[in-house]
Each structure stands twice: as structure tokens, then as C-alpha cells.
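**Student:** Sequence:
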Amino acid sequence: MIKKGDVVKLKSGGPKMTVKGLAGVYWVCSWFVGEELKEGMFTSEQFEILN
2 MIKKGDVVKL KSGGPKMTVK GLAGVYWVCS WFVGEELKEG MFTSEQFEIL N
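For the sequence shown, my numbering gives the first residue as 2, with consecutive numbering after it.
Simulated from the structure, these hints should not be mistaken for laboratory data.
Keep in mind that this is a model prediction, so the values were computed, not measured.
Beta carbons are placed, not taken as given, at the ideal position from N, Cα and C, and that holds for glycine.
Here are the computed lysine-lysine pairs in the PhoX-like style, where the Cα-Cα straight-line distance is at most 25 Å:
id, residue 1, residue 2
1, LYS39, LYS4
2, LYS39, LYS17
3, LYS39, LYS21
4, LYS39, LYS12
5, LYS5, LYS17
6, LYS10, LYS39
7, LYS21, LYS10
Now the in silico label distances, taken between C-beta atoms and shown as ranges:
id, residue 1, residue 2, range
8, PHE33, LYS5, 13 to 21 Å
9, MET2, GLU36, 28 to 36 Å
10, GLY35, MET2, 25 to 33 Å
11, LYS12, GLU40, 14 to 22 Å
12, LEU23, LEU51, 13 to 21 Å
13, GLY22, GLU49, 17 to 25 Å
14, ILE3, PHE33, 14 to 22 Å
15, LEU51, TYR27, 16 to 24 Å
16, GLN47, GLY6, 15 to 23 Å
My request is simple: use the sequences and hints to build the entire structure.
**Tutor:** Rendered as C-alpha cells:
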């Protein structure tokens with residue numbers, strides 16, 4: 002079960018992301034590109050839990 006604070010990665014690849022919370026049917030995740038903080042919304046089917 003996915004929860005706030007989990008570290009996840011998209012099944013299609015990409016950086017490790019931290020789950021910030023749930024917004025409707027989407028999970029809000031954040032990650033860094035260099036020193037820049039990025040944020041995106043994904044369904045639970047799009048990623049796998051790493052921790």
C-alpha cells in the first residue's frame with residue numbers, strides 16, 4: 002500500500018521520487034533534478050515502491 006513518504010520510481014524509468022500525498026486518484030510526488038525541486042501527479046499503476 003502506498004503512503005506519504007514512500008520512495009517510488011516510475012515503471013518506465015526516471016529518478017527516485019518521494020510521495021507527498023493523494024490528490025483525488027493521483028499521487029503527488031516530488032524529486033530533484035540537480036538542485037531544482039520538481040513535482041508531478043501519477044496513478045499508483047505508474048510506479049513501484051522502492052522502500
